[in-house]
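Enquirer: The lines below spell out each chain.
2 protein chains.
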Amino acid sequence: MSKAIFYHAGCPVCLGAEQMLLNTIDKNKYTLEIVHLGNDSGCIEEAESFGVNSVPALVVDGQVFHINFGAALADLKK
Amino acid sequence: MSKAIFYHAGCPVCLGAEQMLLNTIDKNKYTLEIVHLGNDSGCIEEAESFGVNSVPALVVDGQVFHINFGAALADLKK
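So the protein sequences, as listed, match chains V and Y.
The letter at position 28 of the first sequence is residue 28 when you use the working numbering, and the numbering goes up by one with no holes.
In the working numbering, each number is its position in the second sequence, counted from 1, plus 100.
Any given hint could be a false lead.
Claimed, not checked - Mimicking DSSO-like on lysine-lysine, the simulated pairs with C-alpha atoms at most 27 Å apart in a straight line are:
id, chain 1, residue 1, chain 2, residue 2
1, V, 3, Y, 129
2, V, 29, Y, 103
3, V, 29, Y, 127
Source of the hints: derived by calculation from the structure; they are not laboratory data.
Taking the hints into account, I'd like the entire structure generated from these sequences.
Expert: As structure tokens, this is what we get:
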């Protein structure tokens with residue numbers, strides 16, 4: 001079982017990506033760990049060590065995928 | 101079974117994201133359709149209608165997720 005880590009900061013864009021990952025990730029192959037960097041700032045260094053530059057981001061099999069770079073103002077109005 | 105569509109244009113950033121999706125998506129719930137917009141430019145309008153602004157992007161359950169906005173020059177040197 002591999003671990004996928006989703007880093008976010010609680011904004012609507014992050015939560016949308018989180019829901020998508022919860023729906024789509026193959027739970028027979030991956031455990032999804034969700035880290036809120038706003039609340040768990042102790043994890044920021046770990047995230048940086050994986051190459052995370054922004055949230056939301058997914059780290060899987062050692063690779064970083066930044067999803068939807070930041071929040072568009074339009075999304076924050078929803 | 102839902103359909104997830106991955107739009108890309110063949111660059112290394114796109115291919116890395118494609119491999120990640122092929123590994124992680126729950127194939128019991130989603131079929132993954134992969135569209136190369138460079139080769140299948142007829143699909144660009146469809147992609148736009150989903151809200152795709154850049155590639156690589158994943159459309160799943162009607163939502164668009166842009167993954168790694170564009171290619172960093174550093175990635176193109178790999």
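Enquirer: Each hint: holds or not?
Expert: Do the hints match the structure? See the list:
no., hint, result
1, V/3 x Y/129, "20 Å, holds"
2, V/29 x Y/103, "20 Å, holds"
3, V/29 x Y/127, "11 Å, holds"
In terms of the numbered hints stated before, the structure departs from none.
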